[in-house]
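A.B. asks: The task is simple: from the sequences and hints, build the whole structure.
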Amino acid sequence: MSSESALSAHLLSSLFLSVLETMASVVLKTFAGLRRSSDNSHQFPVQKPAKVHFRKARIVASRTCPKLSNRNLRVAVIGGGPAGGSAAETLAKGGVETILIERKLDNCKPCGGAIPLCMVGEFNLPLDIIDRKVTKMKMISPSNVAVDIGRTLKPYEYIGMVRREILDAYLRDRAAENGAKVINGLFMKMDMPKVQNAPYVLHYTEYTGTKGGVGEKKTVEVDAVIGADGANSKVAKSINAGDYEYAIAFQERIKIPDEKMAYYENLAEMYVGDDVSPDFYGWVFPKCDHVAVGTGTVTHKGDIKKFQLATLNRAKDKILGGQIIRVEAHPIPEHPRPRRLSGRVALVGDAAGYVTKCSGEGIYFAAKSGRMCAEAIVEGSENGKRMVDESDLRKYLKKWDKTYWPTYKVLDVLQKVFYRSNPAKEAFVEMCADEYVQKMTFDSYLYKTVTPGNPLDDLKLAFNTIGSLVRANALRREMEKLSS
Amino acid sequence: MSISMALFSAPASFSPCTSHSQTPKPLFNLRPKRPQFNLLIAASGDSGGAAVAVSVTEEQPMAEAANGSVAAAPAPIAEEEKEAEVVLNTFKDPRWVNGTWELKQFEKDGKTNWDAVIDAEARRRKWLQDNPESSSNENPVVFHTSIIPWWAWMKRYHLPEAELLNGRAAMIGFFMAYLVDSLTGAGLVDQMGNFFCKSLLFVAVVGVLLIRKNEDIESVKKLIEETTLYDKQWQASWLDENKKD
Chain A
1 MSSESALSAH
11 LLSSLFLSVL
21 ETMASVVLKT
31 FAGLRRSSDN
41 SHQFPVQKPA
51 KVHFRKARIV
61 ASRTCPKLSN
71 RNLRVAVIGG
81 GPAGGSAAET
91 LAKGGVETIL
101 IERKLDNCKP
111 CGGAIPLCMV
121 GEFNLPLDII
131 DRKVTKMKMI
141 SPSNVAVDIG
151 RTLKPYEYIG
161 MVRREILDAY
171 LRDRAAENGA
181 KVINGLFMKM
191 DMPKVQNAPY
201 VLHYTEYTGT
211 KGGVGEKKTV
221 EVDAVIGADG
231 ANSKVAKSIN
241 AGDYEYAIAF
251 QERIKIPDEK
261 MAYYENLAEM
271 YVGDDVSPDF
281 YGWVFPKCDH
291 VAVGTGTVTH
301 KGDIKKFQLA
311 TLNRAKDKIL
321 GGQIIRVEAH
331 PIPEHPRPRR
341 LSGRVALVGD
351 AAGYVTKCSG
361 EGIYFAAKSG
371 RMCAEAIVEG
381 SENGKRMVDE
391 SDLRKYLKKW
401 DKTYWPTYKV
411 LDVLQKVFYR
421 SNPAKEAFVE
431 MCADEYVQKM
441 TFDSYLYKTV
451 TPGNPLDDLK
461 LAFNTIGSLV
471 RANALRREME
481 KLSS
Chain B
1 MSISMALFSA
11 PASFSPCTSH
21 SQTPKPLFNL
31 RPKRPQFNLL
41 IAASGDSGGA
51 AVAVSVTEEQ
61 PMAEAANGSV
71 AAAPAPIAEE
81 EKEAEVVLNT
91 FKDPRWVNGT
101 WELKQFEKDG
111 KTNWDAVIDA
121 EARRRKWLQD
131 NPESSSNENP
141 VVFHTSIIPW
151 WAWMKRYHLP
161 EAELLNGRAA
171 MIGFFMAYLV
181 DSLTGAGLVD
191 QMGNFFCKSL
201 LFVAVVGVLL
211 IRKNEDIESV
221 KKLIEETTLY
231 DKQWQASWLD
241 ENKKD
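Just so you know, the protein sequences line up as chains A and B, in that order. 281 is the number that full-length UniProt numbering gives to position 281 of the first sequence; each next residue is one higher, with no gaps. 62 is the number that full-length UniProt numbering gives to position 62 of the second sequence; each next residue is one higher, with no gaps.
Think of the hints as simulated: they come from the structure by calculation, not from any bench. Hints should not be assumed to be uniformly reliable.
Stated by the list, open to error - Quick list of in silico lysine-lysine cross-link-like pairs, DSBU-like style, CA-CA up to 30 Å:
1) 232(B) with 398(A)
2) 402(A) with 232(B)
3) 194(A) with 67(A)
4) 402(A) with 221(B)
5) 481(A) with 111(B)
6) 402(A) with 234(A)
7) 136(A) with 287(A)
8) 237(A) with 189(A)
9) 316(A) with 133(A)
10) 232(B) with 395(A)
11) 260(A) with 92(B)
12) 316(A) with 136(A)
13) 104(B) with 481(A)
14) 222(B) with 301(A)
15) 439(A) with 399(A)
16) 395(A) with 194(A)
17) 232(B) with 234(A)
18) 399(A) with 385(A)
C.D. replies: Below you can see the structure in the form of structure tokens.
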């Protein structure tokens, strides 16, 4: 792609960046607009500013939400990862009768394992589940230009590295403490309700603890379902949620000698380049006592082993003498499923496809979406006293889209601009050397808000970005001349 | 194998001439494009056994890491060969010092020859593209393209293309002005006063800027589609709400 097209791509993206908030409000007006048109034709409850009045109006309309007599609302959460655990906790705290179905209670899900600072505060995570606090990152370009980022971090800011089995178990146990019932079982399918407020019938296989046992088939009736069962979600299949594009993330855990491990004490590395991945990055993340070296790709899944070898090659000096202790891979969704909600079944976390582009971050968004969905159910059911319906669950979607769409969009634009080609990746690493970029990046990553910076600095940043992209593309043209 | 060894030693003595910015046909490009990748895959495929004898032992230590429990026998051989070979396999250039280009060595008549710096960096990147190297902490790369001043880039890349585009714009402009004048009788000054003509002028300028080759039309269309795809994927859940019931 010629540098000029890259230029226009970037101009487009810097336009996006500078008017993102107005764009967000415009787009979300469209969301609301769509909703209102359907409201008029189907007499669903309209947007309510004060709940009290419309509760009365709803009863008058008489289509929805009967009060439940002699029982609380029953909700099943399928999947016990961060999304399921936090959803179950919020539901149980809200007075809803909750069951959490998880197929493998000691599952070590293949994962980068990085959580932002805000997650520790928002979810009251104890500091001992964090294995390592990463405060420095190294970005390495295709031509091995290495840039250290993290100078702008304050002393109390860090990226937490966790082991998924520890984090997931903690969140599940906390949900159980609050009243949720944790079941070790595998969800098979669900029967849709035939009439208006009939329950969903879930079929699952419960593992009773005898090793090697096939488990017994059981069913349970619930009023609502939260699908938190990850990228290969069965709940999503049950509601015909549709498919998404996904990346394959391939990771090898390597135990390296102590003196090499000292280098990774609180440092993580990111390798970009077409040799490492055509549309993603390779990483070396420190874990509790070993490092995880991996890479991922969407478009060239068949070459993942080749990309992994290239990543190992690029990190070779630093992981020499290491022993591979585990090889793992997992799909990562690239965008939300076409349908995240159907009836009284909602998807959260990876099952919904809430993984950001560019960085591939999913843990925080999974936990947050689980919590948001559960909050919507608790609110819609008035702490478990009323039945809920689809519109209550839609409120979670609306709140989610409104809160996090700017973050997702910005990361999507960054991926489109900077992961396009080797020159773009070179420019990306060059830009990361800039202090303003580091500050903006870390602020938005650690606190999950897209803060508009100083406009003058933004303009300077836009110029520098264009400059870097133009120079990198010019060098690529020279490289092409050399090979011809 | 021996040929590749000979070619490996070539770059050590190869010094690109700085007297003219003509890019000399690099000797090392004659080497097969990706010998290391193929041998790489062979090395890890055979569990390190048969592939040890291969000369590209830069990969051996990596293969050791990859096959943690591989027999210790290949390892000592690999170490020695690796010591000898690693010197030849990395990017070598007398002007590349401490992870960046030493600008003093590019001086010509007292001023730095920026074109030569650009050529040298392009060659380094090309080398690395064909022979990916490990990033090392002892010899970090700290080169930043902004040390080359903006006017050097402009002179070399922007100005020739700007000349081309301005020429095109001038030709189109002259022809369209003549055509409109002959059709409507409005001279150049009258055309400029008309809003429709001004917007046509704007379209012409944007067209010349964005569409320089025939392929650009397709790529502009794809770009527009790309910018809105993600939004569509997010809005899909809301469209569904309208469709059902």
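A.B. asks: Does each hint fit the structure? Answer for all of them.
C.D. replies: Hints versus structure:
| no. | hint | result |
| --- | --- | --- |
| 1 | 232(B) with 398(A) | 15 Å, holds |
| 2 | 402(A) with 232(B) | 15 Å, holds |
| 3 | 194(A) with 67(A) | 20 Å, holds |
| 4 | 402(A) with 221(B) | 29 Å, holds |
| 5 | 481(A) with 111(B) | 26 Å, holds |
| 6 | 402(A) with 234(A) | 27 Å, holds |
| 7 | 136(A) with 287(A) | 14 Å, holds |
| 8 | 237(A) with 189(A) | 9 Å, holds |
| 9 | 316(A) with 133(A) | 24 Å, holds |
| 10 | 232(B) with 395(A) | 19 Å, holds |
| 11 | 260(A) with 92(B) | 26 Å, holds |
| 12 | 316(A) with 136(A) | 20 Å, holds |
| 13 | 104(B) with 481(A) | 26 Å, holds |
| 14 | 222(B) with 301(A) | 23 Å, holds |
| 15 | 439(A) with 399(A) | 27 Å, holds |
| 16 | 395(A) with 194(A) | 24 Å, holds |
| 17 | 232(B) with 234(A) | 24 Å, holds |
| 18 | 399(A) with 385(A) | 23 Å, holds |
The structure is consistent with each of the numbered hints, conforming to all of them.
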